[in-house]
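**Student:** Between the sequences and the hints, there should be enough to build the whole structure, so can you do that?
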Amino acid sequence: MAEDPERSRLRAALTWLVEAGADEAIGDAPTVRYRDPAPTAPPVSSAPSVGPPFPDAPPASPRRPVSEPKHAPSARLEAGRAGRDLAQAAQTLAELEEALKAFDGCPLKETATNLVFGDGNPKSRVMLVGEAPGADEDRLGKPFVGVSGQLLDRMMGWIGLDRTRFYITNVLYWRPPGNRQPTASEIAACLPFIERHIELVDPEFLVLIGGASAKTLLGRSEGIMRLRGQWFQYQSPRMPRPIPALATFHPAYLLRSPAQKREAWRDLLTLAQRLAQSD
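Just so you know, my numbering puts 131 at position 131 of the sequence shown, and the rest follows in order with no gaps.
It should be emphasised that the hints constitute simulated quantities derived from the structure, not laboratory data. All the pointers check out, no bait thrown in.
Here are the computed lysine-lysine pairs in the DSBU-like style, where the Cα-Cα straight-line distance is at most 30 Å: (1) 101 with 142; (2) 109 with 142; (3) 123 with 261; (4) 123 with 142; (5) 123 with 109; (6) 109 with 215; (7) 142 with 261; (8) 123 with 215; (9) 101 with 215; (10) 215 with 261; (11) 101 with 123; (12) 142 with 215.
Bear in mind the structure is a predicted one, so any value in this text is a computation, not a measurement.
**Tutor:** Right, here's the structure in full:
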């Protein structure tokens, strides 16, 4: 029996929205933007009002911020202190994971389904640090398990490494809604935990996947185009020695820009050479 045309049209529209990234509801009711808005009372103040920079953009939900409020610097400092105390008290990876579960200083925790902590072999020589979980990672609670993670596994397999021979995590432990860019406050809240995470794993080499990871952990302002392929020295306050760190492209970017896979291959070759030289 043929499907009702209206039902088919609605199904196609929903499919299009999901593929475009609109995979989460952020309000209690849908917003119809082509309908004339209801009349509102004029403002009491006579001062001119200043509208948003993008008038057609939907209002941001307070639980799903895309920009920081005015009090963000002080809130960021407070969350950073609380996170640092919890993170530094952890003596094992299991304790660090429990500390993250108890930590309420990152608002992303309220909108995520699962904490995404880490995967792979924490005793391996190589530790990979990405940016943030995506939809598949949020659902399964493991980093890099979606399409980009499958590409990353193939990339690492090119140089003879699999998840028994590397360990992987992210700077952020919860998925930003709709895979949006995280705010500075969200990164600052998670920073003490990823620093402690690296200290506890104590790898021989770090691979920083994507611009957000590289800039956050290296304290750099350049984009990934300038940082990739270079070796840096990563050092955190409680580490006895610096760790050689290589920046490279995120596999999600490579899926959108396959021509850059050649450069990513060169990055991996330099990692393989460093591993061979240190055997």
